[in-house]
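There are 2 protein chains.
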Amino acid sequence: MTLYLVVTIMVTTVVIQVKQISTRFSIAVHTLSLIAVSPKDCTGDFIARSVNTNPVVIRRIMGMLKKAGLVDVRPGVGGATLLKDSDRITLLDVYRAVNATEENQLFRIHDNPNFDCPVGRNIEQVLQAELRDAQSVMEQRLAQTTLDQLIEKFK
Amino acid sequence: MTLYLVVTIMVTTVVIQVKQISTRFSIAVHTLSLIAVSPKDCTGDFIARSVNTNPVVIRRIMGMLKKAGLVDVRPGVGGATLLKDSDRITLLDVYRAVNATEENQLFRIHDNPNFDCPVGRNIEQVLQAELRDAQSVMEQRLAQTTLDQLIEKFK
DNA sequence: TTTTTTGTAATCACTACTGTTATAACAATT
DNA sequence: AATTGTTATAACAGTAGTGATTACAAAAAA
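Heads up: the sequence lines are chains L and F, in that order.
Each position in the first sequence, counted from 1, maps to that position plus 5 in the working numbering.
Each position in the second sequence, counted from 1, maps to that position plus 5 in the working numbering.
Worth flagging that the hints you see were computed from the coordinates, not collected in a lab.
Please note: incorrect hints may appear among the correct ones.
Copies of the same chain are indistinguishable here, so a pair counts whether it falls within one copy or spans any two.
[As the list claims (entries may be wrong)] Keeping only pairs whose Cα atoms sit at most 25 Å apart, straight-line, the calculated SDA-like set for lysine to any residue is: (1) K45 to N109; (2) K158 to V61; (3) K45 to G81; (4) K160 to A73; (5) K158 to A53.
Note that the structure is predicted; figures quoted are calculated from it, not measured.
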């Protein structure tokens, strides 16, 4: 008689990651830096090569920066120029430009809680005040850094 | 002879929204508040009714809070208790518990930029320092609010 | 043993992100 | 006027996170 002993060990690791802020933001900063340094070269293809992505991705972001009044892009001839001095463009300006939402809320709060419960009845208002503050200090930190300051560090 | 004049007007509005921080965070705060107020009632179903979601959603979040050492959940009998006093649990603790990543980075930076370009070569390091600061001030603001302070406002 | 609850896998529908191809519109050059 | 290089934008695919849901195993008390 033979005894078969089968031992199965399963190790399951589940890593749940929160969605992060899109790379559009860092790509936009990269793009604006290039425009500030050498506006003439800045076609979508040139920027795409520096960023290492597809030109369409750059053009999409350029469209947002244009809509936000940060750059002027010239169709046909190519190239782009800053519409504000680089010491007057902050990371917050760029952040807002590429996130492009009316209510730019970093945190989401679950909705329709049960109003029969004191916690459910109050949580939205109470939490929102706190989270708005937290978002605000983050944004104020972004507002303290200008494109100009970044460019200094690229030399 | 007939002249057909066809005019097509298309108005396209594209709203791009950045991904926000998941409602797991606010649901977790809601859950902990309930546990602090009435630990005995706090079965997954009870909490789910207050939050207005499916009990499985709550059990998943409870699992994260348990893993973070914030609560003790008892299978079978039901109910949960806080493992720390409510004045020693901050919003940052909850935020970290439900985001559950090693490198809990709020911002993403595009990778593999072109190192032949001075901007591409330096952007990651330069931007990362700024964004780490911005994330940090936000988290420090979360750290200033305790569960206890919130509960006070629910009464 | 029965009942209640937790733990967790699996699936679904939805949405956002990023890359890609394709094509139209634009502007300068020839 | 035609050509060339560029921007603008639509469309689609693939990947990934979210949140709801069903299903079932495991745990603990009655």
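Ascending list of hint numbers which this structure does not respect = Violated hints: 1, 2 and 4; rest satisfied.
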